[in-house]
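Engineer: For reference, the chains in residue letters:
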Amino acid sequence: MASTAQPASSLKRRDAPVTREGDQLTIIPLGAGSEVGRSCCYMTFKGKTVLFDCGIHPAYSGMSALPYFDEIDPSTIDVLLITHFHLDHAASLPYFLEKTTFRGKVYMTHPTKAIYKLLLTDYVKVSKVSVEDMLFDEQDINNSMDRIEVIDYHQTKEVNGIKFWCYTAGHVLGAAMFMVDIAGVRVLYTGDYSREEDRHLQAAEMPEFSPDICIIESTYGVQLHQPRHVREKRFTDVIHTTVSQGGRVLIPAFALGRAQELLLILDEYWSTHKELQNIPIYYASPLARKCMSVYQTYILAMNERIRNQFAHSNPFQFKFIQNLNSIDDFTDNGPCVVMASPGGLQSGLSRQLFDMWCSDKKNSCVIPGYVVEGTLAKTIINEPKEVTLMNGLMAPLNMSVHYISFSAHADYAQTSAFLKELRPPNIVLVHGEANEMGRLKQKLITEFAADGNTKVLTPKNCQSVEMMFNSEKMAKTIGKLAEKTPEVGETVSGILVKKGFTYQIMAPEDLHVFSQLSTANIFQRITVPFNGAFGVIKHRLEQIYESVESGTDEESAVPTLLVHKLVTVKQDSEKHISMHWAADPVSDMVSDSVVALVLNISRELPKVVIESEASKTEEENEKRAEKVIYALLVSLFGDVKRDENGKLVISVDGNVAKLDKQSGDVESEHEGLKEKVRTAFRRIQTAVNPIPLPGS
Amino acid sequence: MGTSVQVTPLCGVYNENPLSYLVSIDNFNFLVDCGWNDHFDPSLLEPLSRVASKIDAVLLSYPDTLHLGALPYAMNHLGLSAPIYSTEPVFRLGLLTMYDQYLSRKAVSDFDLFTLDDVDSAFLSITRLTYSQNHHLSGKGEGIVIAPHVAGHLLGGTVWKITKDGEDVIYAVDFNHRKERHLNGIVAESFVRPAVLITEAYNALSNQPPRQKRDREFLDGIVRTLEGGGNVLLPVDTAGRALELILILEEFWAQRNLGYDIFFLTYVASSTIDYVKSFLEWMGDSIAKSFETSRNNAFQLKRVKLLINKMDLDNAPIGPKVVLASMASLEAGFSHDIFVEWASDVRNLVLFTERGQFGTLARMLQADPPPKAVKVTMSKRVPLVGDELVAYEEEQKRLKKEEELKASLLKQEESRASHGPDNTNDPMVIDTTNSHAPPDVAGSRGGGYRDILIDGFVPPSTSVAPMFPFYENNTEWDDFGEVVNPDDYVIKEEDMNQTALHVGGDIDGKLDEAAASFILDTKPSKVVSNELTVQVKCSLIYMDFEGRSDGRSIKSIIARVAPLKLVLVHGSAEATEHLKQHCLNHVCAHVYAPQIEETVDVTSDLCAYKVQLSEQLMSNVLFKKLGEYEVAWIDAVAGKTENHDMLTLLPTVSKPPPPHKSVLVGDLKMADLKQFLASKGVQVEFAGGGALRCGEYVTLRKVGVASQKGGGSGIQQIVIEGPLCEDYYKIREYLYSQFYLL
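Protein chains in written order, with full-length UniProt numbering: chain R, 1 to 696; chain S, 1 to 742.
These aren't lab readings, by the way, just hints derived from the structure by calculation.
Cβ atoms here follow ideal geometry from the backbone N, Cα and C, with glycine treated the same way.
Careful: at least some of the hints might be erroneous.
Label pairs and their computed distance ranges (CB to CB) [claimed, not checked]:
1) S:N27 to R:D73: 48 to 58 Å
2) S:N485 to R:D360: 44 to 54 Å
3) R:Q516 to S:L622: 13 to 23 Å
4) S:D165 to R:T272: 51 to 61 Å
5) S:L622 to R:A450: 38 to 48 Å
6) S:D165 to R:V372: 50 to 60 Å
7) R:E421 to S:K401: 48 to 58 Å
8) R:K274 to S:K401: 35 to 45 Å
9) S:T293 to R:V159: 37 to 47 Å
Subject to a maximum C-alpha distance of 16 Å in a straight line, what follows is the list of computed EDC-like cross-link-like pairs (lysine to aspartate or glutamate) [what the hints assert, rightly or not]:
10) S:K610 to R:E472
11) R:K473 to S:E630
12) S:K640 to R:E158
13) R:K105 to R:E158
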């Protein structure tokens with residue numbers, strides 16, 4: 001029986017509209033959807049909203065560099081999680097905090113917060129846009145610092161029922177991958193990540209839980225990186241050969257993040273090569289110099305290797321690297337290595353040096369990272385014969401140009417290995433140029449989606465992705481209510497308490513034990529003027545209520561009446577009676593009726609009581625009830641007859657149902673009618689018969 | 001039934017001995033803390049030795065001797081081999097504390113309970129967690145989640161939360177609710193209504209003066225001594241409270257621009273501060289903020305000078321100075337020596353910032369009135385000379401010889417063993433059954449050659465005439481030529497860890513040079529001791545800078561946490577009894593204070609089972625929101641889930657739900673109600689006895705006030721009285737509106 005009923009019920013459930021609002025998880029990339037830059041990803045589920053990252057697009061300026069914030073209502077966002085300090089992940093945060101209605105909480109790791117401030121302050125200073133185009137100023141950045149909260153790797157935080165924690169991401173110092181858990185549905189947002197350990201950072205960790213959705217970067221698409229040691233060897237070889245032949249090496253690099261890795265490589269290489277130690281290495285970035293103290297402090301966010309080195313001396317106190325504030329401090333007299341920003345050679349120190357050195361074939365330029373389309377760095381990778389200098393003149397490009405990528409983004413091998421282990425049923429690709437992303441999607445589909453259980457999605461900016469999660473709700477029954485585990489078919493009644501996304505069922509008495517809620521009993525006592533005989537009240541009450549018990553009060557020995565086992569009426573004095581009861585909708589109603597009755601007695605003169613009415617027989621009562629039931633059924637179904645067995649025969653549209661008035665059993669061939677009659681009869685019964693007393 | 005929980009104290013109940021407790025959760029044995037005292041008295045560890053092998057995991061809460069001192073000894077001598085969990089600072093500073101303890105001891109005695117290697121190997125197996133990290137145990141502990149939480153007191157200090165099946169066991173000792181200069185306080189809100197709370201009564205009877213007043217007295221006392229030309233000695237711990245004191249002094253010196261020297265003297269002082277500088281994530285908000293906004297590392301010390309041996313202190317310019325030196329107990333370490341030197345000068349001051357451990361010199365001096373003179377043992381390690389040296393050397397030689405003999409025997413055996421299988425490769429050995437296998441040829445080949453060249457050569461007994469060993473290089477050939485091993489041609493990966501290894505990546509690398517030289521110092525030496533009596537003429541002050549919550553706050557925190565069951569440990573018998581009585585009256589009915597090795601069963605008598613809430617049921621439930629909770633009354637029928645392994649709740653269909661007594665949910669505060677009624681235009685005032693008089697006739701009263709929250713009746717009783725009038729019903733309506741009716 002049970003086994004046949006099961007499929008039917010599950011079928012029914014599928015038919016029922018399960019697409020309730022709460023079960024839909026929506027992801028909208030507000031930036032970095034099929035593009036690189038202005039990372040910002042909106043996610044909402046069960047009324048909880050999370051925003052991942054808040055970057056700007058480095059290729060645009062002013063408002064157009066922002067993610068599409070107007071697609072959403074910032075005031076509804078509960079939590080904003082920033083993965084790392086790079087401009088395309090964090091730079092619109094001051095704007096979002098200070099210029100929008102966003103009132104939620106912001107989290108980032110300790111190193112990210114420390115560098116964020118320095119980096120953005122520097123960004124505000126160097127960006128040469130008009131005041132109107134400025135998205136925010138230094139004051140906004142300082143204000144934003146107070147609203148940013150910090151989170152450590154693996155630390156679990158909870159905000160409005162949203163649980164989240166983060167893992168190391170390996171991309172830059174403090175970079176994190178966030179795992180968000182809303183009502184048991186887990187979403188992993190990788191940000192920029194790298195699964196390869198380098199000189200100072202751990203590789204991105206493998207989460208211990210498989211997420212339901214993985215929002216993953218796709219910068220390098222299906223490309224593969226060279227192994228790290230090959231890259232490092234090329235890098236040091238190029239530099240070694242150039243300087244030993246008397247040339248100069250220019251390394252244009254963004255001031256923070258990968259630059260530190262390159263400095264570590266150089267410093268170590270120099271310390272093992274005595275012959276190079278008289279050749280200076282310059283690091284021309286005041287900003288990076290300021291950030292060095294952050295690197296020297298947050299050793300715990302780095303890898304085991306750095307921590308072990310730290311036991312002897314701080315590896316970020318470089319021995320062979322000198323700082324250079326500006327080109328004026330630089331005397332160009334012989335071989336040297338200079339690392340300077342910006343990485344794209346657009347302007348600034350790196351460009352000045354490039355202009356000075358590009359026509360000498362002894363010199364080299366090493367481009368160490370991802371270069372953005374349209375910059376000079378991108379142009380010279382193709383080794384043109386001539387380049388345009390900043391002053392507009394053309395110059396021959398004789399220096400050798402090397403492109404050795406150290407940017408710590410995952411390549412295809414890492415991405416696919418990562419996903420293979422995680423096995424998320426839904427993969428959302430962001431942060432990748434559209435073509436690369438498309439190729440990655442195809443490749444992932446052939447690798448993972450063959451079984452049909454994995455979906456790979458590549459939403460564009462503002463394109464929403466919806467997924468249904470019909471999460472099972474589990475409750476824990478505790479306390480008195482759980483003394484006995486119920487058998488199938490038994491009823492369970494109690495208070496369902498929901499906190500966050502956890503449910504508990506408990507008896508009302510236990511409420512204060514298991515939650516911080518408390519229950520209350522309200523006792524009411526009311527005095528009513530009455531100067532008649534107490535017996536009259538009793539008499540009247542007996543006419544209305546089935547149960548009126550007489551007694552005497554223990555303290556004052558005055559007569560009392562307990563009406564309907566709920567309300568006590570007491571004769572306080574000649575002129576007053578008092579009533580007391582515990583507040584409850586039913587008791588309140590009973591008390592109201594008693595009050596009305598007492599007031600009526602006082603108003604009217606005592607009437608002669610008709611004896612017969614009080615002693616009406618059970619039988620008559622039943623007869624009358626029967627009549628009412630019949631009348632009501634007729635009004636509902638129309639054709640109702642009585643058959644020889646005393647059953648009622650109801651015929652509707654040729655379907656016949658037989659109703660047993662005593663037991664309430666219904667016989668009918670037509671299921672629908674049977675159900676309807678049964679429900680109708682149940683309702684009529686409750687209406688006709690007296691209200692059962694609580695507890696009885 | 002709920003999760004079974006048993007607590008067995010192994011050390012530190014009804015007294016102030018070190019802490020060590022066994023907590024079993026569903027037969028998974030946690031050892032929480034593993035402390036020892038400054039006397040390193042092995043008898044304290046007897047209870048631990050009986051259970052050490054049964055322990056499945058160790059949780060450490062603070063980086064001081066009282067909480068982790070016995071770890072190296074227990075791991076090496078008592079058979080403790082469980083995984084250990086702690087926070088990063090507890091690991092690192094605990095390690096440094098143990099180094100300091102060892103070095104201080106070794107300098108004055110033939111300390112042999114553990115060695116530095118024991119310390120290293122014990123600490124290497126520690127798994128480091130961050131605050132609020134939920135670590136899921138596996139294997140035997142499947143289903144148990146442990147999480148460290150901020151505790152204050154010492155850097156990295158931890159309140160442990162052990163969760164199984166939604167029931168929490170909290171271990172909270174020595175916590176501090178106050179924010180300090182470098183630490184945040186405990187967040188009691190993260191531990192609401194745990195099944196079991198294990199806490200201590202150590203400070204139950206003490207009350208602290210306000211911090212500002214105490215700080216001022218502290219600094220005034222120091223400055224007065226310095227101005228009077230005296231020196232100040234602060235006996236401190238290695239890496240715990242010393243940090244807070246350093247910050248106080250650093251701040252005050254900068255404020256006043258004082259010129260007196262401050263020294264921090266332990267065997268590991270400079271590495272302590274180096275590490276502390278990188279622990280900013282673990283410190284208080286103000287420290288983190290100052291670094292984030294201005295990159296000012298508070299532990300970038302400008303005034304306090306770090307010393308790692310006493311010579312540097314003796315060479316310091318003469319004049320008044322402040323010295324923070326370990327150990328706090330004055331039993332050993334630099335503080336002991338300095339005390340002996342300085343005690344006889346009336347101008348000097350010895351300022352104790354923590355209560356000395358029982359039976360130590362520090363405790364004696366803290367007595368009121370302080371003793372006039374104390375007997376101390378001055379011990380010194382001196383190099384051996386003359387006959388002793390000769391004797392020592394001979395002994396060493398003999399040992400060496402013995403060892404060599406042993407080694408050669410071992411080698412012989414090894415060679416014999418290794419000859420068996422590979423005789424075909426070794427043309428020198430023709431007959432493997434030969435019992436006179438050459439001792440030197442076998443083993444590793446390189447070794448063989450060297451031995452031959454150095455020791456002259458031993459002709460293999462099987463050879464006819466003396467000959468040099470000869471190895472034929474038999475190469476294998478196939479159709480393509482010589483068979484090559486591809487591994488020989490792989491370009492070796494340049495190991496980036498080379499440099500790291502080059503400088504030695506082991507754990508004790510950071511030991512200060514003096515300390516290192518001490519370890520490496522194999523110069524024969526011995527300990528000479530002489531007893532002497534020191535006249536205590538200097539002033540002695542004790543001020544509480546222990547950074548623990550005081551009695552009153554402990555009580556209010558326990559009341560706020562409101563555990564279902566409470567276990568009290570650590571604290572004098574008096575304090576324990578006092579807190580027990582207090583909690584019985586005000587917190588909960590189940591308070592235990594077990595004796596050593598007495599197991600108390602604090603399994604919650606809670607019944608619980610899990611059910612699934614079906615979609616049909618939930619679609620009809622209307623929740624009412626109450627603060628962070630949402631509540632609803634449900635009537636449901638139990639059923640089975642589709643795969644029959646879980647109970648599920650389905651809506652009742654066949655029969656009408658039985659009526660239930662209605663429940664009023666809400667927390668009524670009379671004062672709030674008064675305001676609410678006033679805002680509705682009702683005249684309200686408090687009459688005598690807590691009654692609220694509303695309008696002319698109606699009174700509201702709360703009876704049986706629910707002060708005993710965890711106890712029997714947490715149900716509020718409210719009485720509303722009045723004559724029959726319109727006001728009565730109006731006020732009743734307002735009263736109802738304060739509650740949710742279910």
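Engineer: With reference to the structure, classify each hint as holding or not holding.
Structural biologist: Outcome of the hint check:
1. For the hinted restraint 48 to 58 Å between S:N27 and R:D73, the CB-CB distance of approximately 52 Å keeps it satisfied.
2. The supplied range of 44 to 54 Å is met by S:N485 and R:D360, whose beta-carbon atoms lie about 47 Å from each other.
3. Our hint of 13 to 23 Å for R:Q516 and S:L622 holds, since their Cβ atoms are close to 22 Å apart.
4. S:D165 and R:T272 have their C-beta atoms about 56 Å apart, which keeps the hinted 51 to 61 Å range intact.
5. A hinted range of 38 to 48 Å holds for the C-beta pair S:L622 and R:A450, which are about 45 Å apart.
6. At about 53 Å, the CB distance of S:D165 to R:V372 agrees with the hint of 50 to 60 Å.
7. Range check, R:E421 to S:K401: about 56 Å between beta-carbon atoms, so the 48 to 58 Å window is met.
8. Under the hint 35 to 45 Å, the C-beta atoms of R:K274 and S:K401, about 44 Å apart, fit the expected range.
9. For S:T293 and R:V159, the Cβ-Cβ distance of about 24 Å falls outside the hinted range of 37 to 47 Å, so the restraint is violated.
10. For the suggested pair S:K610 and R:E472, the alpha carbons sit about 12 Å apart, so the restraint of at most 16 Å is met.
11. Proposed proximity of R:K473 and S:E630 is supported: the alpha carbons are some 15 Å apart, at most 16 Å.
12. Under the criterion of a C-alpha separation no larger than 16 Å, the hint pairing S:K640 with R:E158 is inconsistent with the structure, at around 33 Å.
13. For a cut-off of 16 Å, the pair hint linking R:K105 to R:E158 stands: about 11 Å separates their Cα positions.
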